[in-house]
Amino acid sequence: KAGVTQTPRYLIKTRGQQVTLSCSPISGHRSVSWYQQTPGQGLQFLFEYFSETQRNKGNFPGRFSGRQFSNSRSEMNVSTLELGDSALYLCASSLEGFWDEQYFGPGTRLTVT
Amino acid sequence: SQQGEEDPQALSIQEGENATMNCSYKTSINNLQWYRQNSGRGLVHLILIRSNEREKHSGRLRVTLDTSKKSSSLLITASRAADTASYFCATDAPGNQFYFGTGTSLTVIP
Chain A
1 KAGVTQTPRY LIKTRGQQVT LSCSPISGHR SVSWYQQTPG QGLQFLFEYF SETQRNKGNF
61 PGRFSGRQFS NSRSEMNVST LELGDSALYL CASSLEGFWD EQYFGPGTRL TVT
Chain B
1001 SQQGEEDPQA LSIQEGENAT MNCSYKTSIN NLQWYRQNSG RGLVHLILIR SNEREKHSGR
1061 LRVTLDTSKK SSSLLITASR AADTASYFCA TDAPGNQFYF GTGTSLTVIP
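From first to last, the protein sequence lines stand for chains A and B.
Read in this note's numbering, the first sequence has 44 at position 44, and its numbers run on one by one without any break.
Heads up, this note's numbering is the position in the second sequence plus 1000, with the first residue counted as 1.
Careful, some of the hints might be misleading.
[As the list claims (entries may be wrong)] Listed next, the in silico DSBU-like pairs over lysine-lysine satisfying Cα-Cα at most 30 Å (straight line):
1) K57(A) <-> K13(A)
2) K1069(B) <-> K1056(B)
3) K1056(B) <-> K1026(B)
4) K1026(B) <-> K1069(B)
5) K1026(B) <-> K1070(B)
6) K57(A) <-> K1069(B)
7) K1056(B) <-> K1070(B)
8) K13(A) <-> K1069(B)
9) K1056(B) <-> K13(A)
[Unchecked claim] Here are some, though not all, of the chain A residues that point toward chain B, as calculated from beta-carbon distances under 10 Å:
10) N56
11) F64
12) D100
[Claimed, not checked] Listing some non-contacts, in silico: residues in chain B with all C-beta distances to chain A over 10 Å:
13) A1010
14) E1015
15) V1044
16) K1056
17) R1062
18) S1071
19) R1080
20) A1081
The hints are simulated quantities; they were obtained by calculation from the structure and are not laboratory data.
Every residue, glycine too, gets a C-beta built ideally from N, C-alpha and C.
The whole structure should be built from the sequences, with the hints applied where relevant.
Right under this line is the structure:
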């Protein structure tokens, strides 16, 4: 069974730009969650999508948004990038939700200059 | 913000020894999970323990949960060099929030 894939793996953007990250979950998994990892704040929950609906949301500003498609693939968008958005963005898929065993992708390393 | 705090922040042991790391959290939880992260395999789920369970085993891993103290421990027995990684506890709390702890960096010396 193929694992969770994320594209792109690395990205460099300029302050003020926007970025879209993509995540393909494991086949059959309906829940996709997104996390931000930084040295200062650690791993933080962004949001969770289930059956094309945002089911749960962490404490991030509205510049962070996402969506899920009918095939469970998910995208995450960050608008008006700030230097502090530089981070490793991880997505995870699971059968039922983040309370279940999650399978993580390799992450997208975003650098904002 | 972090719900969980892990202790110690860093741990260095010899191969074959046992490693114990602890996680304390702030609010009531539904479940607690442990994950491992290293550069080779990324973030990997290790074990899940529900709030009504006190102990769980999986191979060389033993997890305990004390909800009255809001704490959990992860024991890795007979450690190997391949166990070198960062270990995180993660909790899902009422209100549908999911939190990772600050992590313990484990180094196993061959």
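Structure-based check of all given hints:
no. : hint                  : verdict
1   : K57(A) <-> K13(A)     : 25 Å, holds
2   : K1069(B) <-> K1056(B) : 17 Å, holds
3   : K1056(B) <-> K1026(B) : 21 Å, holds
4   : K1026(B) <-> K1069(B) : 10 Å, holds
5   : K1026(B) <-> K1070(B) : 7 Å, holds
6   : K57(A) <-> K1069(B)   : 27 Å, holds
7   : K1056(B) <-> K1070(B) : 16 Å, holds
8   : K13(A) <-> K1069(B)   : 44 Å, violated
9   : K1056(B) <-> K13(A)   : 44 Å, violated
10  : N56                   : 4 Å, holds
11  : F64                   : 15 Å, violated
12  : D100                  : 8 Å, holds
13  : A1010                 : 14 Å, holds
14  : E1015                 : 27 Å, holds
15  : V1044                 : 7 Å, violated
16  : K1056                 : 13 Å, holds
17  : R1062                 : 18 Å, holds
18  : S1071                 : 18 Å, holds
19  : R1080                 : 22 Å, holds
20  : A1081                 : 22 Å, holds
Hints 8, 9, 11, 15 from the list above are not met by this structure, while the remaining hints are.
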